[in-house]
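> Each chain, written out:
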Amino acid sequence: KAGVTQTPRYLIKTRGQQVTLSCSPISGHRSVSWYQQTPGQGLQFLFEYFSETQRNKGNFPGRFSGRQFSNSRSEMNVSTLELGDSALYLCASSWGHSMNTEAFFGQGTRLTVV
Amino acid sequence: AQSVTQPDIHITVSEGASLELRCNYSYGATPYLFWYVQSPGQGLQLLLKYFSGDTLVQGIKGFEAEFKRSQSSFNLRKPSVHWSDAAEYFCAVGEGVTGGGNKLTFGTGTQLKVEL
Chain E
1 KAGVTQTPRY
11 LIKTRGQQVT
21 LSCSPISGHR
31 SVSWYQQTPG
41 QGLQFLFEYF
51 SETQRNKGNF
61 PGRFSGRQFS
71 NSRSEMNVST
81 LELGDSALYL
91 CASSWGHSMN
101 TEAFFGQGTR
111 LTVV
Chain V
1001 AQSVTQPDIH
1011 ITVSEGASLE
1021 LRCNYSYGAT
1031 PYLFWYVQSP
1041 GQGLQLLLKY
1051 FSGDTLVQGI
1061 KGFEAEFKRS
1071 QSSFNLRKPS
1081 VHWSDAAEYF
1091 CAVGEGVTGG
1101 GNKLTFGTGT
1111 QLKVEL
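One line per chain: the protein sequences are E and V, in this order. The first sequence runs 1 to 114 under our numbering. The second sequence runs 1001 to 1116 under our numbering.
Hints in this document: simulated from the structure, not taken from any laboratory. Positions of the beta carbon are idealized from the N, C-alpha and C atoms, including for glycine. Check each hint, because a few of them may be wrong.
[To be verified] Computed from the model, here is a short list of chain E residues facing chain V with C-beta under 10 Å:
no., residue
1, G3
2, T7
3, E48
4, F50
5, R73
6, E75
7, L90
8, A92
9, G106
10, T112
[To be verified] Here are the computed distance ranges between Cβ atoms for each label pair:
no., chain 1, residue 1, chain 2, residue 2, range
11, V, W1083, E, T80, 31 to 37 Å
12, V, Q1045, E, G28, 33 to 39 Å
13, V, R1077, E, R63, 30 to 36 Å
14, E, E102, V, P1040, 36 to 42 Å
[Said to hold, decoys possible] Chain V regions said to be covered by chain E (calculated; three or more residues, Cβ under 8 Å):
no., region
15, 1041–1048
16, 1059–1065
Please construct the entire structure, taking both the sequences and the accompanying hints into account.
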């Protein structure tokens, strides 16, 4: 059974650009969550999608957005990139959208903003 | 709002020694508690979780954790550490959002170094 796949693994972007990251969940999983990991702030929740609907959102500016497709694949978009957006972005998938379903994490996308 | 504290940023132990990583949480309701491990350049792997019931939970790779409500703690333990256990360990509390939903709040992590 394939795990959570995040593409690309590495990205370098320039300030002011926008970026789209992709996450393919484990087959059969319908919930996808996104997290940002930085040395300064640690792991922070961005948002969660379930059945193509955003179910929960963290405390991030509107430049961070996401969506989920009918096949449960998810994308997150960051517009007008800032240097502080440099981070490891992790995606997690789970079968359901309650806390008692295990979340499986992908290897992440390392975004560097220059 | 919920929060998680991991007071030890770095811990060094000798291979074969016992290990305890500390975790304290703040959460109003019954918490969902997790321990994850992250190796360099990798995502997070779930070691174990606590939802309810027996307060001592067993996980993968020989890890266990004990939930102590009175101390708001969920410490991770391993009786004998292997060199391959060197990694960063994260404690997390899950917020059950009204209407369903997954949201994990993580501690700042503990970096474990294993001396041979």
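> A separate judgement is required for each hint: does it hold in the structure or not?
Outcome of the hint check:
Evaluation of the G3 of chain E hint against chain V yields a held restraint, the C-beta minimum of about 9 Å falling below 10 Å. Checking T7 of chain E against chain V by beta carbon gives a least distance of about 13 Å; that is not within 10 Å, so the hint is violated. Interface restraint check: E48 of chain E against chain V, minimum CB-CB distance 5 Å, threshold 10 Å, status holds. For F50 of chain E, the interface hint holds, since its Cβ comes within 10 Å of a Cβ in chain V; the closest pair sits about 7 Å apart.
Interface restraint check for R73 of chain E: the shortest CB-CB distance to chain V comes to about 17 Å, outside 10 Å, so the restraint is violated. At about 18 Å, the closest approach between the beta carbon of E75 of chain E and any beta carbon in chain V exceeds 10 Å, and the interface hint on this residue is violated. Of the supplied interface hints, the one on L90 of chain E holds, with its beta-carbon coming within about 6 Å of a beta-carbon of chain V, less than 10 Å. The restraint placing A92 of chain E at the interface with chain V holds, with a minimum CB-CB distance near 8 Å, inside the 10 Å limit.
For G106 of chain E, the shortest C-beta to C-beta distance to chain V is roughly 5 Å, which falls under 10 Å, so the interface hint holds. For the restraint placing T112 of chain E at the interface with chain V, the shortest Cβ-Cβ distance is roughly 14 Å, beyond the 10 Å limit, so the hint is violated. Hint check: W1083 of chain V to T80 of chain E, Cβ distance near 44 Å, so the stated range 31 to 37 Å is violated. At roughly 19 Å, the beta carbons of Q1045 of chain V and G28 of chain E sit outside the given window of 33 to 39 Å.
Taken as a hint, the range 30 to 36 Å is violated for the pair R1077 of chain V and R63 of chain E, whose Cβ atoms sit roughly 41 Å apart. A C-beta distance of roughly 23 Å is found between E102 of chain E and P1040 of chain V, which places it outside the suggested range of 36 to 42 Å. With a cut-off of 8 Å between beta carbons, the region 1041–1048 of chain V has 6 residues touching chain E; three or more are needed, and the interface restraint holds. Given a C-beta distance limit of less than 8 Å, the hint that chain E covers the region 1059–1065 of chain V is violated, as 0 residues qualify and 3 are needed.
Violated hints, listed in ascending order, are 2, 5, 6, 10, 11, 12, 13, 14, 16; each of the other numbered hints is respected by the structure.
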